[in-house]
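Line by line, the protein sequences are chains A and B. With the first letter of the first sequence counted as 1, position 95 gets the number 95 in my numbering; the numbers rise by one all the way through. With the first letter of the second sequence counted as 1, position 327 gets the number 327 in my numbering; the numbers rise by one all the way through.
Note that these hints are calculated values from the structure, not bench results. Values in this document were obtained by computation on a predicted structure and should not be read as measured data. Hints should not be assumed to be uniformly reliable.
Cut-off 27 Å, straight-line C-alpha distance, at most; resulting in silico cross-link-like pairs (DSSO-like, lysine-lysine) [claimed, not checked]:
(1) B:LYS457 / B:LYS268
(2) A:LYS81 / A:LYS48
(3) B:LYS268 / A:LYS49
(4) A:LYS81 / B:LYS268
(5) B:LYS268 / A:LYS48
(6) A:LYS52 / A:LYS105
(7) A:LYS81 / A:LYS39
(8) A:LYS87 / A:LYS52
(9) A:LYS39 / A:LYS105
(10) A:LYS48 / B:LYS50
(11) B:LYS675 / A:LYS52
(12) A:LYS81 / B:LYS50
(13) A:LYS49 / B:LYS436
(14) A:LYS87 / A:LYS105
(15) B:LYS233 / A:LYS87
(16) A:LYS40 / A:LYS76
(17) A:LYS52 / A:LYS76
(18) B:LYS268 / A:LYS76
(19) B:LYS675 / B:LYS50
(20) A:LYS105 / A:LYS48
(21) A:LYS52 / B:LYS268
(22) A:LYS87 / A:LYS48
(23) A:LYS105 / B:LYS675
(24) A:LYS49 / A:LYS76
(25) B:LYS50 / A:LYS40
(26) A:LYS39 / B:LYS624
(27) A:LYS40 / B:LYS268
(28) A:LYS87 / B:LYS268
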Amino acid sequence: MKTRILSAMVLALAVSAFASGADFRVVANNSVPVSSLSKKAASDLFLKKTVKWEGGAPVVPVDQLESSTVRQGFSKAVHGKTAAAVKSYWNQQIFSGRDVPPIEKRSDAEVLAFVRSTPGAIGYVSESTATDGVRVLTVN
Amino acid sequence: MKRIYCSLAAVTLLGVVATTRSVHAQPADTAATTAVVSTESAEKQSEEAKSEELRQQGEGLIYSVARTPERTFDSSRAVDVITGDEIRRRNGMTLGDILQEEAGVTLAAPHNGGAAAVIRGLSGNQVMLMIDGVKVNDAVWRPASATKEQLNLIDMSMIERIEVVRGVVSVLGTEALGGVVNIITRRGPDSNTALAGTVGMRFASGDRSMAVPLQLFGQNDRMRYTVGGTYLKYGDLRGGDGVGTQKYTGYKATALHASLDYFLSPEKTISGGYNSMTEDEVQRDGQLVSGANLVSLVTPLTLQLGQLSYQDLTSRGWEESVRVTGYWNRQQDGLDAVTTKAPTIDSVGRNIDRMMGLNLEIGSFLGAHHLLYGVDYSTERVASSQSAINMNTGVETPSRGRYIDGSSYRTLGVYLNDHFDITRWVTATLGARYGKFTSQGSEDTPLVGPLSIDSSKSDLTGAVNVVVHATSNLNLIANAMRGFRAPNLDDMSVYRVTASTGIDIPSAGLDPEHVNSYELGAKYETAIVSGSAFFFRNSFTSLITRSLGYYNGLPFVDTNKNGIQDKNELTLHTNSNIGSEKITGYELELRGHVTPELLLFGNYTKLTSNVQTDPTTYTKILPKSGLLGARYTTALAFSPWGELVMRYASSVASGQPVAGYHVFTVRTGASFTPKLSMSAAIENVTNERYRYLGTSGSPSIYAPGRQLVIGTQYRF
Numbered sequence: 001m002k003t004r005i006l007s008a009m010v011l012a013l014a015v016s017a018f019a020s021g022a023d024f025r026v027v028a029n030n031s032v033p034v035s036s037l038s039k040k041a042a043s044d045l046f047l048k049k050t051v052k053w054e055g056g057a058p059v060v061p062v063d064q065l066e067s068s069t070v071r072q073g074f075s076k077a078v079h080g081k082t083a084a085a086v087k088s089y090w091n092q093q094i095f096s097g098r099d100v101p102p103i104e105k106r107s108d109a110e111v112l113a114f115v116r117s118t119p120g121a122i123g124y125v126s127e128s129t130a131t132d133g134v135r136v137l138t139v140n
Numbered sequence: 001m002k003r004i005y006c007s008l009a010a011v012t013l014l015g016v017v018a019t020t021r022s023v024h025a026q027p028a029d030t031a032a033t034t035a036v037v038s039t040e041s042a043e044k045q046s047e048e049a050k051s052e053e054l055r056q057q058g059e060g061l062i063y064s065v066a067r068t069p070e071r072t073f074d075s076s077r078a079v080d081v082i083t084g085d086e087i088r089r090r091n092g093m094t095l096g097d098i099l100q101e102e103a104g105v106t107l108a109a110p111h112n113g114g115a116a117a118v119i120r121g122l123s124g125n126q127v128m129l130m131i132d133g134v135k136v137n138d139a140v141w142r143p144a145s146a147t148k149e150q151l152n153l154i155d156m157s158m159i160e161r162i163e164v165v166r167g168v169v170s171v172l173g174t175e176a177l178g179g180v181v182n183i184i185t186r187r188g189p190d191s192n193t194a195l196a197g198t199v200g201m202r203f204a205s206g207d208r209s210m211a212v213p214l215q216l217f218g219q220n221d222r223m224r225y226t227v228g229g230t231y232l233k234y235g236d237l238r239g240g241d242g243v244g245t246q247k248y249t250g251y252k253a254t255a256l257h258a259s260l261d262y263f264l265s266p267e268k269t270i271s272g273g274y275n276s277m278t279e280d281e282v283q284r285d286g287q288l289v290s291g292a293n294l295v296s297l298v299t300p301l302t303l304q305l306g307q308l309s310y311q312d313l314t315s316r317g318w319e320e321s322v323r324v325t326g327y328w329n330r331q332q333d334g335l336d337a338v339t340t341k342a343p344t345i346d347s348v349g350r351n352i353d354r355m356m357g358l359n360l361e362i363g364s365f366l367g368a369h370h371l372l373y374g375v376d377y378s379t380e381r382v383a384s385s386q387s388a389i390n391m392n393t394g395v396e397t398p399s400r401g402r403y404i405d406g407s408s409y410r411t412l413g414v415y416l417n418d419h420f421d422i423t424r425w426v427t428a429t430l431g432a433r434y435g436k437f438t439s440q441g442s443e444d445t446p447l448v449g450p451l452s453i454d455s456s457k458s459d460l461t462g463a464v465n466v467v468v469h470a471t472s473n474l475n476l477i478a479n480a481m482r483g484f485r486a487p488n489l490d491d492m493s494v495y496r497v498t499a500s501t502g503i504d505i506p507s508a509g510l511d512p513e514h515v516n517s518y519e520l521g522a523k524y525e526t527a528i529v530s531g532s533a534f535f536f537r538n539s540f541t542s543l544i545t546r547s548l549g550y551y552n553g554l555p556f557v558d559t560n561k562n563g564i565q566d567k568n569e570l571t572l573h574t575n576s577n578i579g580s581e582k583i584t585g586y587e588l589e590l591r592g593h594v595t596p597e598l599l600l601f602g603n604y605t606k607l608t609s610n611v612q613t614d615p616t617t618y619t620k621i622l623p624k625s626g627l628l629g630a631r632y633t634t635a636l637a638f639s640p641w642g643e644l645v646m647r648y649a650s651s652v653a654s655g656q657p658v659a660g661y662h663v664f665t666v667r668t669g670a671s672f673t674p675k676l677s678m679s680a681a682i683e684n685v686t687n688e689r690y691r692y693l694g695t696s697g698s699p700s701i702y703a704p705g706r707q708l709v710i711g712t713q714y715r716f
């Protein structure tokens, strides 16, 4: 019985991890010189630990609102923590005068418009969103 | 050829440095890259924009409620953040000048420039004063006192902003009974500059006071620093409406501060800070004016505080943040007195408290729960002495100081704060803190015999805070808290012989003071209007109060052992937990833009005290107080602004009576160049005669009458 419960929990966790991983797509401005990123590299970009692309162009990350479903999924899958934990990280950074969080956009459309028009920009949108005019990056 | 190799090496090295924080990504399928040319001016503009954003976003955060930064609007507590701009606009000489314009905060001010914050009717050792989250209150911190300044031991020039929390803060522990004032110090310049600085001047005509702060600062990618100092000189203070110049109210002070942050990585920072203030020859005007004393000085009066901390925001699964802070806090107060009755005897007293402390704090996320837990430990030792020096013969006769010499005080606190969303609309915070307090000290007194203050007590504080997010602009709040203040060495080690009232002896058996506190509140915030309203009800029990005492079962010193109080046998007094009181009240705050240029702001506080015993030394109730203001700013190149502010307080009839007052102040200022800013004010325009709340033993001096205040700052 214990084994069945354990298996069910592992399955549920695996399904939820798969689901959260498949909920979004990472998009970047066409000027960005990469087509795929590791999770660690993606996390570093959005936490501003990496501030320049290869070649020296500045990285301009863009987030979605903390309450959005896509951000919850992105945070879990890429940062490995909840959106609330990421917000807390940024509050600490602001409070100690280190850095400010990425700008926030209210919708997929706003993220796409920003990424399309901003060199070096990188963001994420819901998986079902059309991504014309931007580069879709694979996150491994 | 050598030169080429050197150049290549330099280029390689620069490349490594330049790509230290560059993305290590997998190669692109296509080479659709756009070269972005960064010019120096563009980078500088970007840095300035970032620092402006940092400043703006930082101003919206508060640390002092949950020991972790959160938005003031989201906080469940009655809080205010006084921004750097606001501090400069108010142009105060002391911290008290700044705080008195906040909702729910008034002052008890025994000396010129000396004051204790009064929050919700409590002051002194019942209000926690902190610098960068480290407590300033030590084991001999007193009630609002005539001989130990509190707010003016903080140098204004080191302050970046001030956080004020009204009411019990459970995770901060013992002294946070009435509220918390947390000073956040400057941590370097606004942008990357190797070396820059400011020099300023502040002059007030009411006491011909002058402050000259000088500050140097710098920053690069790895570190930032600030070093500064201030010289302050006060003359005798002129009160309003016929009070005239109040003799013996001038004094001098010097302050130093320094800070250094070293960035090991984007997530790891080592920080160090130091600040000190020394006041010389603060005169006790009461004794001098009455003629009781020829000399009566509180000198020197010193606060030194150093801290070293390590913060790591690296996520390790079981934790999201770790912070370790060590601190050192040394405070000294002295007394130098020559009475008229004994003009050849100079009585000199010294009290020195040395505190060392350590805090370890960890933040974790467990599902929707943001947990913050930690341990606080501090240890203190007090040196206290008194001498009577015969000025003719030079013979020195030592006697007991204010405290038991060599006494010690240790505290241990363990706390946990859990912040979580119950639903999308409701957020709750649960906080608890266990505290243990140990005091040690003994003495052999000539009248009573051996006395000891050896004691160990513990207690629990807790809070339940609920925020209902009614709309994105409106939060409704309900809070229930239980707090305590542990007795400190000042409460426990009193020994005083007075012919008129008898003898006060130490009291080792004191228990903590308690409060049960309930709050209902609302916060509203839009880009144009913001405000808050809080109703609270605080029930205090076990308040530490001077009362008749007993020794060997008798309420007097039975020197002839006959069991009866004879004529010359002194009545005994001691501190006991017999006080109780209920304080209820409400605080309203509102600010709104009528036009983009015109801001109206105000606050109003009403307090009602129901004293069930007689702890008059503890409560400082101004029944009604508030402020109304209007500020006009323009978008002109030199950013001129002007404001009119009216402070109001009703009268107090009991204790040390204080008349009500309305004080009008007009302020204006401008930045004439990017480097030079100036401000000017006419304070107390109507020359109102008024004074703040007194201390337990003496009335306050009169506050300044009409005066011109000029401030200027030059950045180089």
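Structure-based check of all given hints:
Straight-line distance between C-alpha atoms of LYS457 (chain B) and LYS268 (chain B) comes to about 37 Å, which puts the hinted pair past the 27 Å bound. Of the supplied pair hints, the one linking LYS81 (chain A) and LYS48 (chain A) holds, its CA atoms being roughly 16 Å apart against a limit of 27 Å. Pair hint LYS268 (chain B) plus LYS49 (chain A) holds up; C-alpha atoms about 12 Å apart against a cutoff of 27 Å. With a CA separation close to 19 Å, the supplied pair LYS81 (chain A) and LYS268 (chain B) stays within the 27 Å bound.
For a cut-off of 27 Å, the pair hint linking LYS268 (chain B) to LYS48 (chain A) stands: about 14 Å separates their Cα positions. Of the pairs offered as hints, the one joining LYS52 (chain A) and LYS105 (chain A) holds, with about 21 Å between alpha carbons and a cut-off of 27 Å not exceeded. At most 27 Å may separate the alpha-carbon atoms for a hinted pair to count; LYS81 (chain A) and LYS39 (chain A) meet this at roughly 12 Å. Distance check on the hinted pair: LYS87 (chain A) and LYS52 (chain A) sit about 22 Å apart at the alpha-carbon level, within 27 Å; holds.
Distance hint between LYS39 (chain A) and LYS105 (chain A) is fulfilled; the C-alpha atoms sit about 22 Å from each other, no more than 27 Å. With a CA separation close to 13 Å, the supplied pair LYS48 (chain A) and LYS50 (chain B) stays within the 27 Å bound. This hinted pair does not check out: LYS675 (chain B) and LYS52 (chain A) have alpha carbons roughly 32 Å apart, beyond 27 Å. Proximity of LYS81 (chain A) to LYS50 (chain B) is assessed by CA-CA distance (about 26 Å); at most 27 Å being required, the pair is judged to hold.
The hinted pair formed by LYS49 (chain A) and LYS436 (chain B) fails the criterion: a straight-line CA distance of about 41 Å is larger than 27 Å. With a CA separation close to 15 Å, the supplied pair LYS87 (chain A) and LYS105 (chain A) stays within the 27 Å bound. Using a Cα cut-off of 27 Å, the hinted pair LYS233 (chain B) and LYS87 (chain A) is violated, with the two alpha carbons roughly 45 Å apart. Straight-line distance between C-alpha atoms of LYS40 (chain A) and LYS76 (chain A) comes to about 13 Å, which keeps the hinted pair within the 27 Å bound.
Proposed proximity of LYS52 (chain A) and LYS76 (chain A) is supported: the alpha carbons are some 24 Å apart, at most 27 Å. Proximity of LYS268 (chain B) to LYS76 (chain A) is assessed by CA-CA distance (about 23 Å); at most 27 Å being required, the pair is judged to hold. Only pairs whose Cα atoms come within 27 Å are accepted, and LYS675 (chain B) paired with LYS50 (chain B) is accepted, the gap being roughly 20 Å. With a C-alpha separation of about 17 Å, the suggested pairing of LYS105 (chain A) with LYS48 (chain A) holds against the 27 Å cut-off.
Between LYS52 (chain A) and LYS268 (chain B) the CA atoms are separated by roughly 20 Å; this keeps the pair inside 27 Å, and the hint holds. Simply put, LYS87 (chain A) and LYS48 (chain A) have alpha-carbon atoms about 13 Å apart, close enough for the 27 Å limit, and the pair holds. Between LYS105 (chain A) and LYS675 (chain B), the direct Cα distance comes to roughly 36 Å. Violation of the 27 Å bound is thereby established for this hinted pair. Taking the CA atoms of LYS49 (chain A) and LYS76 (chain A), the gap is about 18 Å. The hint holds against a cut of 27 Å.
Note on LYS50 (chain B) and LYS40 (chain A): the hinted pairing holds, with a Cα-Cα distance of about 25 Å set against a maximum of 27 Å. For a cut-off of 27 Å, the pair hint linking LYS39 (chain A) to LYS624 (chain B) is broken: about 58 Å separates their Cα positions. Of the supplied pair hints, the one linking LYS40 (chain A) and LYS268 (chain B) holds, its CA atoms being roughly 18 Å apart against a limit of 27 Å. In summary, the hint linking LYS87 (chain A) to LYS268 (chain B) is supported, as the alpha carbons are separated by about 17 Å, within the 27 Å threshold.
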